[in-house]
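Number of protein chains: 2
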Amino acid sequence: MERSLEKVFNPGSIAVIGASEVPGKAAERRTRSLIQGGYKGNIYLVNPKRDKLFGMKAYHSITEVDKEIDLVMIIVAPRFLASAVADSVKMGAKGIIIITAGLGETGEEGKKIEAEILSEAAKTGAYVIGPNCSGMFNASADINMLGIPTINKGSISVLTQSGNVIDSLTHFATIKGCGFNKMINVGNAVGVQLHEYITYLKDDPDTKVIATYLEGIKGGHELVRVARDAAKTKPIIALKVGKSSAGARAAASHTGSLAGDDIILDAAFRQAGIVRVSNADELVDMAAVFSNCPIPKGNRLVIMSEGGGDNSIAADNAEKYEMQVPILSEETQEKMIPILLAGMPAHNPIDYGGTAEENPDVITQCVKTCMEDDQVDGILITGFFGGFFDIIAPHIAALEEQTAKDLADLVKKYKKPLIVNTSYARDPIKSLGILKEAGIPVIESSDRAAQCMSALMHFAVNQKKIKEMHIPEEKVVERAGVKELFRKVTAESRHNLLETESRELLSEYGVSLPAAELAKTPVEAVEAADRLGYPLAMKVVSPDILHKSDAGGIKLNLSNANQVRAAFEVIMKNAGKVAPRENIVGTLLSPMVPPGQECIIGMIRDAQFGPVIMFGLGGIFVEVLKDVSFRVAPLADEDIDEMIREIKGYKILTGVRGEKAKDIEAIKGVLAKLSEIVIDNPEINELDLNPVIVHEKGLSIVDSRVLIG
Amino acid sequence: MERSLEKVFNPGSIAVIGASEVPGKAAERRTRSLIQGGYKGNIYLVNPKRDKLFGMKAYHSITEVDKEIDLVMIIVAPRFLASAVADSVKMGAKGIIIITAGLGETGEEGKKIEAEILSEAAKTGAYVIGPNCSGMFNASADINMLGIPTINKGSISVLTQSGNVIDSLTHFATIKGCGFNKMINVGNAVGVQLHEYITYLKDDPDTKVIATYLEGIKGGHELVRVARDAAKTKPIIALKVGKSSAGARAAASHTGSLAGDDIILDAAFRQAGIVRVSNADELVDMAAVFSNCPIPKGNRLVIMSEGGGDNSIAADNAEKYEMQVPILSEETQEKMIPILLAGMPAHNPIDYGGTAEENPDVITQCVKTCMEDDQVDGILITGFFGGFFDIIAPHIAALEEQTAKDLADLVKKYKKPLIVNTSYARDPIKSLGILKEAGIPVIESSDRAAQCMSALMHFAVNQKKIKEMHIPEEKVVERAGVKELFRKVTAESRHNLLETESRELLSEYGVSLPAAELAKTPVEAVEAADRLGYPLAMKVVSPDILHKSDAGGIKLNLSNANQVRAAFEVIMKNAGKVAPRENIVGTLLSPMVPPGQECIIGMIRDAQFGPVIMFGLGGIFVEVLKDVSFRVAPLADEDIDEMIREIKGYKILTGVRGEKAKDIEAIKGVLAKLSEIVIDNPEINELDLNPVIVHEKGLSIVDSRVLIG
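Protein chains in written order, with the numbering used here: chain A, 118 to 826; chain B, 118 to 826.
Be aware that one or more of the hints could be misleading.
Same chains, same label: a pair holds when it works inside one copy or across any pair of copies.
With a cut-off of at most 25 Å between alpha-carbon atoms, the simulated BS3-like pairs for lysine-lysine come out as follows [unchecked claim]:
{"#": "1", "residue 1": "Lys-360", "residue 2": "Lys-768"}
{"#": "2", "residue 1": "Lys-743", "residue 2": "Lys-437"}
{"#": "3", "residue 1": "Lys-777", "residue 2": "Lys-665"}
{"#": "4", "residue 1": "Lys-553", "residue 2": "Lys-532"}
{"#": "5", "residue 1": "Lys-270", "residue 2": "Lys-166"}
{"#": "6", "residue 1": "Lys-360", "residue 2": "Lys-437"}
{"#": "7", "residue 1": "Lys-437", "residue 2": "Lys-694"}
{"#": "8", "residue 1": "Lys-743", "residue 2": "Lys-768"}
It should be emphasised that the hints constitute simulated quantities derived from the structure, not laboratory data.
Please construct the entire structure, taking both the sequences and the accompanying hints into account.
Next comes the structure, spelled out in C-alpha cells:
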C-alpha cells in the first residue's frame with residue numbers, strides 16, 4: 118500500500134504554476150533551485166505569458182501538459198489560486214504546494230479562498246501544503262523547491278511554521294557540518310497538518326530525526342498521539358517559541374487558572390517523548406547528535422579529559438542536565454589504572470593528565486575500557502582533543518588522527534554514544550574531520566555537549582518507557598445516566614453542575630465519594646445527620662452560588678442536632694442574600710473527613726491539546742508555589758505515575774516530619790477514572806476535585822466542581 | 118602611595134632563576150615568552166650551569182646581578198626553592214613568582230618548604246605568588262611569563278587556580294576576538310590571596326573586567342568584602358566549578374544541614390555582585406561583553422530583527438534570563454511606525470520584516486529611536502545582520518558596513534549596551550568587524566547573547582544597590598555578660614548552650630523573647646505558671662538532652678495547675694531515662710504562643726565564608742522544598758531584604774488564602790540582631806532559632822539552640 122504523502126515527497130513529475138525568470142523573485146528562486154537541484158523526473162513550467170523559461174518549454178496552462186502530474190507548486194496571486202488548484206487536480210496532482218501568501222493569515226477574504234482551495238482538492242483527495250509556505254526540499258529525490266541555492270544533505274528532516282527559520286537552520290547546518298533529508302514549511306497548514314507529516318516521516322527510511330520549529334500548535338491532541346508513536350523509532354526535536362507570551366488563561370476553575378499554555382505544551386511534549394529546545398542553533402546541534410549517535414541504554418555518563426578543570430566543568434554540566442556520573446566499578450577502575458599516570462583519578466571523571474597530549478592513544482584505551490563496561494551508557498571527552506598538535510608539537514597530529522580512527526571503530530563496535538567537546542571543534546583539523554565523518558559529534562561548547570548527551574540519554578529512558586506503555590484507547594463510551602444528567606443541566610441553561618450532580622457523574626464511574634445527603638428542610642437535615650453520624654459539614658446547594666465559602670454557605674464541625682438546625686437556618690439565610698429562594702436547592706451534609714494531605718485533581722479542555730489532567734498538592738502548594746503537573750488524556754499508568762512523582766512536594770506524600778505515607782495508589786485510581794470520564798464526555802470543559810484529602814488509606818473527595826460547555 | 122602589588126605587575130626588572138633553553142621545558146617556554154614579549158625593563162637569566170642563554174649573559178646566581186631586582190620568577194627543584202627565595206629577597210625582590218610544583222599540594226614535605234619560603238619572604242614583605250603556578254602576563258608592561266606564545270591583548274584581567282584554564286581562555290579569546298590585560302595563575306596561593314589580587318585589579322586603570330576561574334575558595338569572607346567593593350566600579354565574572362561534588366555538610370543544626378557548600382557560595386557571590394558562569398567559553402564571552410559594553414541603567418530590553426521567529430526566540434530567552442521586554446511608550450511607537458512596513462509590530466519586539474535586508478539603515482533608525490527612549494536600557498538585534506549581502510545580493514555589503522558605523526556612533530553617543538546576535542558572527546565579514554572594533558558584541562548564539570545582556574542588566578541593578586548600601590562595620594564588640602556565659606559553658610566542657618543560656622545570649626542583644634521561667638520543682642512550676650498565665654508549654658532543660666521532643670521532654674497546651682504538676686513529673690521521669698539526675702536542670706515554662714507562620718532563622722560558621730546567616734519558612738518548606746536563603750554576615754539592610762524576598766514561599770508572608778500579612782519587619786529585626794551577634798562572638802559555630810512563629814504583629818522565638826566551638 119502506498120503511503121499517504123509518498124507522492125508529495127517523491128513525485129514522478131512536478132509542475133510549477135507561476136514559474137518565473139525575474140531575478141530575485143520568490144518564484145524565480147524556487148524554479149531555479151528546483152531545476153538546478155538535479156531532480157530526475159519531468160518538470161513542467163507554467164506561465165501564461167511565456168513560451169520558454171530557463172531554456173525549457175513553458176506551458177501557458179498546466180492543462181496543456183500531456184502527462185499526469187504528481188506534484189504542483191503554485192506561486193500565483195491569490196485571486197488565481199482556486200482555478201490553479203482546480204486545474205492541478207484535473208491533471209491528477211497528488212500534492213499541491215502553495216507558496217502564495219496573503220491568504221488566511223490576512224483576513225476573511227483569504228480564508229474564503231483557502232476554503233475554495235480545499236474544496237477543489239477534496240474532489241480527488243489531493244494534499245494541500247501551505248498556503249503561505251516557503252516550499253519543500255527532499256534530498257532523496259533531489260528536489261529543492263525552497264529557493265535556497267545550497268542545502269547540505271543529511272538525515273535530518275525538518276517541519277517548520279516559519280520560512281525564515283529554514284534559512285537559519287540551513288546556515289547553521291553549513292557552519293556545523295550536518296545536513297537535511299526533507300524540509301517542508303507547513304505554512305498556514307489548511308490542508309496537511311503537522312501530525313500527518315510526522316506520520317509520514319516516522320516511517321521514512323531516509324529520515325533519522327525529525328526537527329521541527331513551531332509557533333503555535335494545531336491538532337495538539339493528535340500530535341501527542343502520533344509523536345509518542347514516532348518516539349518508539351525516531352526522535353522528534355522541537356523548537357517551540359512563545360513561552361514568554363503564553364500566560365495562564367482566564368478560567369472558572371482552579372485547574373484552569375494554573376494551566377498556562379506553555380506549561381501544558383511542555384508537559385505534552387514530555388509525555389510524547391518530544392525533545393524540546395529553545396534556539397535554532399540548539400535545534401541543529403541536537404538534531405545532528407540524534408541523527409548520528411546510537412541511542413544509549415540509560416543516563417550513566419563517563420567524563421574524561423587531560424585536565425581536572427575541564428572535568429569539573431563537565432561534571433557540573435552533567436549535574437545541570439541531570440545525568441549520572443557514577444563511580445566506575447572496581448573491575449573497570451582496575452583496568453583503567455595501568456592506562457593512566459600513577460595517582461590520576463580513574464573513578465570518573467577520568468583524568469589522563471598530560472599523557473594524552475603526547476600520546477593520544479591513552480584516550481582510545483580509556484574509551485575502550487568504558488565501552489566494555491555494561492554500567493556505562495555514554496562517554497564525553499572534553500578538553501583540547503584535535504588541538505594537541507597545536508599546543509604540544511606538529512607531529513602529534515598524526516597520532517590524533519589515528520586516535521580518531523580508533524574511536525570511530527569503538528563507537529561502531531560498541532554502539533554507545535561518544536561526544537567530543539573541544540575548543541578546536543570548528544577548526545579544519547583532520548583528526549576532527551575523521552570523527553565527524555564517523556558520526557561522532559565534535560562540539561565546541563561544553564554546555565551544549567552536555568545538553569546533547571543528556572537529551573540522548575533521557576530520550577533513551579523515555580523511549581524505553583513508551584515502548585512498554587499501554588496507552589488506553591480513545592474510545593468514547595456513552596453512559597446513559599451521565600448523558601441524561603447533562604441534558605437536564607443544559608435544558609436549565611446551566612454550565613455548572615450542582616455538587617449533587619458532580620457527585621452523580623463521579624459515582625457513575627465508580628469514583629468513591631464520602632457519604633452525603635441533600636436536605637431541603639431543617640428536619641431533613643437533622644434526620645440526615647443522624648444517619649450520617651457526627652461531626653458533620655454542611656454546604657449550600659444552589660446553581661447561583663459557585664463560591665460557597667464566600668457566600669457564607671459552608672458550616673463545619675457540626676456536632677449535634679441543634680448545631681445542624683442552626684447551621685441550616687444560617688446557610689439558607691446567607692444564601693437568600695445572593696440567590697432567589699427557588700434557586701436554593703438545599704444543603705448537602707457530609708461527615709467531617711479525617712485529616713490527611715490536601716490535594717487537587719483537575720481537568721481542563723485545552724484549545725491545543727484537548728483534555729488535560731492536573732495533579733497537585735493543595736493549599737499553598739497550588740496557590741503560592743504552583744506545584745502542579747499536567748498530562749494530556751488518555752493517561753497511561755506511566756503518565757499517572759510521572760505526574761504524581763514530578764511535583765516538588767512529592768516527598769510529602771511518601772511521609773515526612775513523622776507523618777505516615779499517604780495512599781498514592783488511591784490518587785492513581787482517581788486520576789485513571791478522571792481520564793476515562795473526560796474522554797467519554799467531551800461535554801466537560803473543566804473539572805476540579807478540590808480539596809481531595811488523601812489519608813494513609815484511601816482518600817476523601819471533599820468538594821467537586823464540573824463545568825460543561 | 119605605591120599600590121601593593123604594583124611592582125609585581127609592573128616591575129622595573131625581572132630575573133628568572135632556573136632559566137632554560139631546553140625546548141619544550143616549562144622554564145624554556147616561559148623564559149622565551151618573556152624575552153619575546155617585548156618587556157622594556159632588564160631581564161636577568163639565572164642558571165648555575167650556563168654562561169649564556171638565548172644569546173644573553175646568564176648569571177650563575179641571582180646574587181651576582183649588580184642591580185636591584187623587582188620581580189623574580191623561580192623554576193627550580195623544590196629543594197633549591199628556599200635558598201632561591203632567600204637570594205631573591207636579598208636582591209630586593211618585591212615579588213616572587215614560583216612556578217615549581219610538587220609543594221604543598223603533594224604533602225607535608227612540600228608544606229614545610231612553603232613555610233620556609235614564606236618566612237624568607239616575610240623578612241622584607243616580598244609578595245609570594247604560587248608555588249605551583251603557571252606564571253603571569255601583563256599586556257600593559259609587555260610581560261608574558263606564561264609560556265604561551267601569543268596572547269590577545271585587551272582589557273580583561275584573569276585570576277585563575279588552574280593553568281589549563283589559561284590555555285582554554287586564551288584559545289577562546291583567539292576564537293572570539295577579545296583579549297587580556299593581566300593574567301595570573303595564583304597556584305597554591307600560600308602568599309598572595311585571591312582578594313589581594315582583586316584589591317589591586319579593582320584600581321588598575323588597564324583592567325576593565327576581572328575574570329576568574331576557581332576550584333576552591335580561600336579567604337571567602339574577605340573575598341565577599343573586597344569583591345563587593347570592587348563591584349562599585351568593576352565587574353567580576355567567576356567560573357567556580359565543583360557544584361556537582363559539593364554536598365551539604367554533616368552538621369548538628371538544622372541550618373547546617375541545609376548549608377550546602379555551593380548553595381552558600383552562590384549566595385555569597387550574588388551578595389558580592391560577582392557574576393557567576395559555568396563554562397570557559399561563557400567566561401570569555403561574558404568578560405568580553407563587560408569589557409566593551411556600557412553598563413545599563415536597568416533591565417528593560419528591546420529586541421529587533423527581520424523575522425518574527427527570531428524575535429520570538431529572543432523574547433523567550435529574555436524571559437529565561439529574567440529581563441523585561443516592555444511594550445514601548447506610545448511616543449516611541451509613533452516614532453517607530455513610519456520606519457517600519459505598514460502593519461509590522463512596533464511595540465517590542467520590533468519586526469522590520471524584509472525591509473532591513475535590502476535597506477539596513479532601517480535598523481539604525483530603529484536603534485536610534487530606542488536609544489532616545491529613557492525607558493529602554495539595552496537593545497538586542499537578532500537575525501542575520503552581516504549576512505544580508507549573502508542572502509540577498511552582494512551590493513548590500515556596503516550598506517551593512519555603513520549601518521555598522523552608524524550603530525557604533527549611536528552606542529558611543531547614547532551609552533546604552535547593544536548586542537548583535539547573528540549566525541554570521543564568526544565569519545570574516547567587514548560590517549561585523551566594524552561592530553566588533555567599536556566594542557559592540559557580535560554573538561553567534563542567541564542564548565548566549567541574551568545571557569550576556571541579562572548579566573549586564575542585572576549587574577547594573579546590583580551595582581546601584583551596592584553603591585547605596587550601608588554595610589555594617591565588622592568590628593567585634595565584646596559584651597561581658599556573653600563572654601562570661603561562654604566561659605561558664607566551656608568550663609563545663611560543653612558546646613551546646615542550654616535553652617536558658619541561649620535566651621540569655623539573645624536577651625543581651627535585645628532580641629525579644631516570649632516570657633519563660635525555669636522551674637526545678639513541681640511547686641516552682643505551678644508558681645511560675647501562675648505568673649506566666651495559661652495555657653503553657655513546658656520543656657526539659659538539660660545539657661544532655663539535645664532532642665527534647667524525642668526524649669519526651671516537651672508538653673504543650675497545659676491549662677491548669679494539675680496539668681502543670683503532672684507534666685513536670687512526666688518530663689522529669691522521661692529525662693531521667695536518658696540523663697543522670699544531676700544533669701537535669703529543670704523545666705522551662707512558657708506561655709503557648711498565638712498561631713502564625715512558622716519560620717526558621719539560623720547561622721553557621723562556614724569554612725570558606727565565615728559566619729553565614731539563613732532564613733526560611735519552617736516545616737515542609739525547609740524539610741521538603743529546602744526553600745531557604747543565605748547571606749554572609751555582616752548583613753546590610755539590603756541583604757536582609759533580599760534574603761526574605763528570594764525564598765519561593767515569600768508570598769505566604771505577605772498574606773495568601775485569606776491570611777493577613779505577617780510582620781516582616783520583625784523578621785528583619787531578628788536577622789539584623791543575629792548578624793551583630795555572630796560578628797561579635799566568633800565562639801558561636803551554629804545557631805538555630807526554630808521555630809520562629811511570625812504573627813501579624815511581632816514574632817515569637819519558640820526555641821533556640823546555640824553551639825559554640
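Problem set entry | Same-copy or cross-copy closeness of Lys-743 to Lys-437 [CA-CA at most 25 Å] | Both: 22 Å inside a copy, 18 Å across copies.
Problem set entry | Up to 25 Å CA-CA - Lys-166 versus Lys-270, copy category | neither (35 Å within a copy, 63 Å between copies)
Exercise. What label fits Lys-743 with Lys-768 when the C-alpha limit is 25 Å: within, between, both, or neither?
Worked result: both (16 Å within a copy, 12 Å between copies)
Exercise. Taking 25 Å as the upper bound on the Cα-Cα distance, should Lys-360 and Lys-437 be classified as within, between, both, or neither?
Worked result: both (21 Å within a copy, 9 Å between copies)
Exercise. With identical chains treated as interchangeable, where does the CA-CA distance between Lys-553 and Lys-532 reach 25 Å or less: within a copy, between copies, both, or neither?
Worked result: Result: close within a single copy only, 16 Å intra versus 44 Å inter.
For this session: Evaluate Lys-360 and Lys-768 at a C-alpha cut-off of 25 Å and name the case that applies: within, between, both or neither.
Result: between (29 Å within a copy, 24 Å between copies)
For this session: With 25 Å as the alpha-carbon cut-off, assign the pair Lys-437 and Lys-694 to within, between, both or neither.
Result: neither (56 Å within a copy, 48 Å between copies)
Exercise. Quick one: Lys-777 to Lys-665, C-alpha cut-off 25 Å, is that within a copy, between copies, both, or neither?
Worked result: between (32 Å within a copy, 21 Å between copies)
The structure does not agree with the numbered hints 5, 7 stated previously, though it agrees with the rest.
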